[in-house]
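Just so you know, the protein sequences line up as chains A, B and C, in that order. Using numbering that gives the first Met the number 0, the final residue of the first sequence is 371, and nothing's skipped along the way. Using numbering that gives the first Met the number 0, the final residue of the second sequence is 325, and nothing's skipped along the way. Using numbering that gives the first Met the number 0, the final residue of the third sequence is 311, and nothing's skipped along the way.
No wet-lab data here; the hints were simulated from the structure. Please note that a few of the clues may not be correct.
Said to hold, decoys possible - The list that follows gives simulated cross-link-like pairs (lysine to aspartate or glutamate, EDC-like), each with its CA atoms no further than 16 Å apart:
no.	chain 1	residue 1	chain 2	residue 2
1	B	K275	A	D89
2	A	K65	B	E280
3	C	K104	B	E192
4	C	K104	B	D191
5	A	K62	A	E320
6	A	K65	A	E52
7	A	K213	C	D2
8	A	K159	A	E215
9	C	K104	B	D190
10	A	K255	C	E135
11	A	K191	C	E6
12	A	K287	A	D273
13	A	K213	C	E6
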Amino acid sequence: MKRPLIFSLALTLLASAVLAQDEIKIGEFASLTGGSASFGQSSHKGTQLAFDEINAAGGVLGKKLKLITEDDQSQAGQPATIVRKLIAQDKVVAVLGEVASSRSLEAAPICQQSKIPMISPASTNQKVTEIGDYIFRVCFIDPFQGSVMAKFAQSKGWKKVAVLTDVKSDYSIGLAQAFKEALLKGGGTVVKESSYSTGDKDFKAQLTSIKAAKPEAIFLPGYYGEVSLIGKQARLLGIKVPLLGGDGWVGDSLLKVAGNSLDGSFFSCHFSADDKSEAVQGFVKKYKAKYNNETPDDMAALGYDSVMILAAAIKKAGTTESEKLRDAIAATKAHAGITGSITLDEKRNATKPAVILGIGGGGFQFVQTVAP
Amino acid sequence: MIERSKILLLSALLVCAGLSHVAGGISPYYFDILIGIGINIILAVSLNLVNGYTGQFSLGHAGFMAVGAYASSWLTLKYGSSIGSGTLSTTTVFVLALLGGGLGAALSGLLVGVPSLRLKGDYLAIVTLGFNEIIKGVIQNAEPLGAQRGLGGMELHTNFFWTFAFAAITIYVVLNLVGSTYGRGFLAVRDDEIAAEAMGINTTKYKVLAFVLAAFFAGIAGGLYAHFKQFIHPEGFNFLRSVDIVVMVILGGMGNTAGVVVAATLLTILPELLRKVAHYEWLPDWLQQVAENRMILYSLLLIILMLTRPQGLFGNFTGKRNQRLQ
Amino acid sequence: MVDKLLEFVQQLLNGLSQGSIYALIALGYTMVFGVLRFINFAHGDVFMLGAFAGFYIGPKTLALFGTGPSYPGMFAVLVVAMVLCAIIGIVIEKLCYRPLRDRPKLTVLITAIGVSLFLENAGQLVFGANPQSFPELITDRALEIPESWGAISGLTITVSQVLVFGITLLLLFVLRYVVMKTKLGMAMRALSFNPVAASLMGINNDVIISFTFGLGSALAGAAGILISIQQPSIDPLMGVNAGLKAFVAAVLGGIGNLPGAALGGILIGLIEALVVGYISPNYRDAIVFGVLILILIVKPTGLLGTSEREKV
Numbered sequence: 000m001k002r003p004l005i006f007s008l009a010l011t012l013l014a015s016a017v018l019a020q021d022e023i024k025i026g027e028f029a030s031l032t033g034g035s036a037s038f039g040q041s042s043h044k045g046t047q048l049a050f051d052e053i054n055a056a057g058g059v060l061g062k063k064l065k066l067i068t069e070d071d072q073s074q075a076g077q078p079a080t081i082v083r084k085l086i087a088q089d090k091v092v093a094v095l096g097e098v099a100s101s102r103s104l105e106a107a108p109i110c111q112q113s114k115i116p117m118i119s120p121a122s123t124n125q126k127v128t129e130i131g132d133y134i135f136r137v138c139f140i141d142p143f144q145g146s147v148m149a150k151f152a153q154s155k156g157w158k159k160v161a162v163l164t165d166v167k168s169d170y171s172i173g174l175a176q177a178f179k180e181a182l183l184k185g186g187g188t189v190v191k192e193s194s195y196s197t198g199d200k201d202f203k204a205q206l207t208s209i210k211a212a213k214p215e216a217i218f219l220p221g222y223y224g225e226v227s228l229i230g231k232q233a234r235l236l237g238i239k240v241p242l243l244g245g246d247g248w249v250g251d252s253l254l255k256v257a258g259n260s261l262d263g264s265f266f267s268c269h270f271s272a273d274d275k276s277e278a279v280q281g282f283v284k285k286y287k288a289k290y291n292n293e294t295p296d297d298m299a300a301l302g303y304d305s306v307m308i309l310a311a312a313i314k315k316a317g318t319t320e321s322e323k324l325r326d327a328i329a330a331t332k333a334h335a336g337i338t339g340s341i342t343l344d345e346k347r348n349a350t351k352p353a354v355i356l357g358i359g360g361g362g363f364q365f366v367q368t369v370a371p
Numbered sequence: 000m001i002e003r004s005k006i007l008l009l010s011a012l013l014v015c016a017g018l019s020h021v022a023g024g025i026s027p028y029y030f031d032i033l034i035g036i037g038i039n040i041i042l043a044v045s046l047n048l049v050n051g052y053t054g055q056f057s058l059g060h061a062g063f064m065a066v067g068a069y070a071s072s073w074l075t076l077k078y079g080s081s082i083g084s085g086t087l088s089t090t091t092v093f094v095l096a097l098l099g100g101g102l103g104a105a106l107s108g109l110l111v112g113v114p115s116l117r118l119k120g121d122y123l124a125i126v127t128l129g130f131n132e133i134i135k136g137v138i139q140n141a142e143p144l145g146a147q148r149g150l151g152g153m154e155l156h157t158n159f160f161w162t163f164a165f166a167a168i169t170i171y172v173v174l175n176l177v178g179s180t181y182g183r184g185f186l187a188v189r190d191d192e193i194a195a196e197a198m199g200i201n202t203t204k205y206k207v208l209a210f211v212l213a214a215f216f217a218g219i220a221g222g223l224y225a226h227f228k229q230f231i232h233p234e235g236f237n238f239l240r241s242v243d244i245v246v247m248v249i250l251g252g253m254g255n256t257a258g259v260v261v262a263a264t265l266l267t268i269l270p271e272l273l274r275k276v277a278h279y280e281w282l283p284d285w286l287q288q289v290a291e292n293r294m295i296l297y298s299l300l301l302i303i304l305m306l307t308r309p310q311g312l313f314g315n316f317t318g319k320r321n322q323r324l325q
Numbered sequence: 000m001v002d003k004l005l006e007f008v009q010q011l012l013n014g015l016s017q018g019s020i021y022a023l024i025a026l027g028y029t030m031v032f033g034v035l036r037f038i039n040f041a042h043g044d045v046f047m048l049g050a051f052a053g054f055y056i057g058p059k060t061l062a063l064f065g066t067g068p069s070y071p072g073m074f075a076v077l078v079v080a081m082v083l084c085a086i087i088g089i090v091i092e093k094l095c096y097r098p099l100r101d102r103p104k105l106t107v108l109i110t111a112i113g114v115s116l117f118l119e120n121a122g123q124l125v126f127g128a129n130p131q132s133f134p135e136l137i138t139d140r141a142l143e144i145p146e147s148w149g150a151i152s153g154l155t156i157t158v159s160q161v162l163v164f165g166i167t168l169l170l171l172f173v174l175r176y177v178v179m180k181t182k183l184g185m186a187m188r189a190l191s192f193n194p195v196a197a198s199l200m201g202i203n204n205d206v207i208i209s210f211t212f213g214l215g216s217a218l219a220g221a222a223g224i225l226i227s228i229q230q231p232s233i234d235p236l237m238g239v240n241a242g243l244k245a246f247v248a249a250v251l252g253g254i255g256n257l258p259g260a261a262l263g264g265i266l267i268g269l270i271e272a273l274v275v276g277y278i279s280p281n282y283r284d285a286i287v288f289g290v291l292i293l294i295l296i297v298k299p300t301g302l303l304g305t306s307e308r309e310k311v
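Just chain A, with the same shape it has in the complex (with noise of 0.2 Å):
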């Protein structure tokens, strides 16, 4: 009886070698359901999209790459746990995610001891490749963002700004600290700060006092949903100053629901789906065609870019043996990506140009690249 059991052991040990054997595994762990689902939903899309794109060219080192996507449901508590699977059970290479910063920081500790290399498409908070050597990230981080829009508000000339922030979101805390740190020592002043909280359909009580106190801008870095809601209050209620923001801004409904009332807004973020380059027209054709002519938001170009320096890395290494392939990441120079070019620093940060576009005619506008 133990003769076929032991037989039928070593065959399943001897498929798995071979099927190992032509394909690479990377994991993936993404808010696919839950709060925020929408932002899982665009960043799975565009790293499905990349890896079709490799395999379809040949993959790399001759082998397929195999992406392993888990769901986290948006909660705390599950990145930890599907890590743990990805690493332990699925043998991964390497993990992509995740767009929400806090569980970026639940799930890199776990990566980091277990030397698998990680890399973040747009987890913009600090602390995350802080965690250690094998944590990288492709997108940029809140001070650098927060300052490039002050320094826009001081060359147009606005100098009293109010601020609205998302106190529920990580994200916005950040960029309006590096705001308003970065706004007093340019000369100008913080007349209001306000807040509301992610899922907040009401923002007239918070836009009245801030009316009240008479800006010449308002920075309002929060998450589309929200800001589109806001810019239409704000135009209901008299409130005429443009608005300025952060990547967060960009979302399939921002103008559907906003309609024309954020004209004449500006806001930073990481590319623009109008670039009229090669590499980005490219990119978005390909991902109209795979997905429904939806046109892809920054969180679909970031996870794209994250598979693409990953690649990128696994080929210059020639292996996925972990400490390679960590150090072929880090040395990850000048990328060409759909979000620029894109180095990482010392600190495992991407350093990379922001674009501002201005909001008018039904559509973005290009303003401007801001270098790092």
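Given the structure of chain A, go ahead and fit chains B and C onto it with the hints provided.
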């Protein structure tokens, strides 16, 4: 009777200590699930004291868990490094921090227990839910606790032994309490509060005691969780986490500790199995998505259980008796 | 000084329009509680379904009344969404609550939580988790207040605010008429007073309970459309927060009491606006729940509720 249960507890602790050596060797993923089972057993068995044995309805157990998690993390972060570097002292600090977290949670349980004196059923459910939100809100605004960023940097202290030792202690305390003459009061409050009061039972005292004890153990579970995941975030202790625990109690059978232990184990493993199912590519898309979204299944489970088997999967003696009486 | 006063009045106006939405939802909680003595946890999600009903039928219905946003189109969408929600409410009651009518209250409560979670998560699966933009049913704009009115012209009142408040008032009067003057309403009140006696008087309890669920759900559906006109971004989880706030409103006013629910809704709206405007938005939810706990401790029957003796 009591002697025998003490011997059982002692042997359970010994088994934990023994298994603890073996458990270190298994895959980190299975170990993660194993610790999850232990923590969920503590949570579900303690909640069962309120929702099952005392017949109240709390929807805020994750709130107490949060208090324990944050209080114990704060303690180990503050005092963990200042006291010696020997293994014994760090372990002592950890266990003391766990107990501190438990006491903090018990204190907040007292706060919830007091308004609960006048409320029942639906109202109590909403008030406990409200408390859960308030606790979350306080943490989200508390800078020293990491506010919205979450709190990290705790060392890994939680191991197999401490998790299952506390699970065994929770089970022991709840079973003994309910089995004692004193604890009959809980059941009396559940079965007929007015009659119990008429018989001279201080129903208020029992209700508050149930809340405080349940909160204490939830706090311990929170501490274990925090020192296992090493990163905690207010959103990890939201309404949905509370619902998770409630589902375990209901599936196991309210007032049936053994059933609840089995249910807590099953419901910790189930989502991980479903993760596998979600990857079967021959399944239609929507089925894969359903498998991935455990809350759809949990909610259907709740509805179907209530319609067909309100006493839970494993039944419950007193429940059956009540039904027969009706 | 005038500025400060104006800001205060503006905050009150903001609170009023948000509060009237809460009031509409709170009425459903209170009505169901009146006849069945239990809290329909899934009520907030019916509100969400109302908004999504408007999202799907909106563009086609508007097209029937010419091109672009129009008032007749909006009313048509409102009515259709209310009817759809009424049907959903009746179906939920029939499938999930009716079989449990003689079971302990706890069983029904757990089922209701189950229904609520199911609607939220199935909603994410069917409608998608992303927020959707709600079609523009009417063109929202700020009303012009003539300069000659003095300081008042500094206030901003939008068309949608007036509309929401007006429709809420209208629905309240219709509801009051139905409950106080019609036979069905009389039967509802009888059932609420004593179900056994009511059925002895020849009232078909099942029909009345279905009717109550339908009426309450229709109001939630109306609230779903009205809020989406003001805040045209809808998602499957929008009912969670609104539902909880409306529940607090119902308890504040005295659950089971119709004018109480309306009053409670408006009060919660005002409290929220003032807390956000003058204290800090961070404490808004905590203070609303604090109000709930306080009222339950001090006067569990609510502001307008009458006390009810517990029977053995």
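Against the structure, the hints:
A hinted pair counts as satisfied when its Cα atoms are at most 16 Å apart, and K275 (chain B) with D89 (chain A) qualifies at roughly 11 Å. Simply put, K65 (chain A) and E280 (chain B) have alpha-carbon atoms about 14 Å apart, close enough for the 16 Å limit, and the pair holds. The straight-line distance between the Cα atoms of K104 (chain C) and E192 (chain B) is roughly 14 Å, inside the 16 Å bound, and the hint therefore holds. Taken as a hint, the K104 (chain C) and D191 (chain B) pair is honoured in the structure, with Cα atoms around 14 Å apart against an allowance of 16 Å.
Proximity of K62 (chain A) to E320 (chain A) is assessed by CA-CA distance (about 15 Å); at most 16 Å being required, the pair is judged to hold. Of the supplied pair hints, the one linking K65 (chain A) and E52 (chain A) holds, its CA atoms being roughly 12 Å apart against a limit of 16 Å. The hinted pair formed by K213 (chain A) and D2 (chain C) meets the criterion: a straight-line CA distance of about 12 Å does not exceed 16 Å. For the proposed pair K159 (chain A) and E215 (chain A), the alpha carbon gap of about 5 Å is at most 16 Å, so the pair holds.
With a C-alpha separation of about 13 Å, the suggested pair K104 (chain C) and D190 (chain B) falls inside the 16 Å cut-off, and the hint holds. A hinted pair counts as satisfied when its Cα atoms are at most 16 Å apart, and K255 (chain A) with E135 (chain C) qualifies at roughly 10 Å. In summary, the hint linking K191 (chain A) to E6 (chain C) is supported, as the alpha carbons are separated by about 14 Å, within the 16 Å threshold. About 14 Å separates the Cα atoms of K287 (chain A) and D273 (chain A), which keeps this hinted pair within 16 Å; it holds.
Straight-line distance between C-alpha atoms of K213 (chain A) and E6 (chain C) comes to about 12 Å, which keeps the hinted pair within the 16 Å bound.
In summary, the structure agrees with every hint in the numbered list given earlier.
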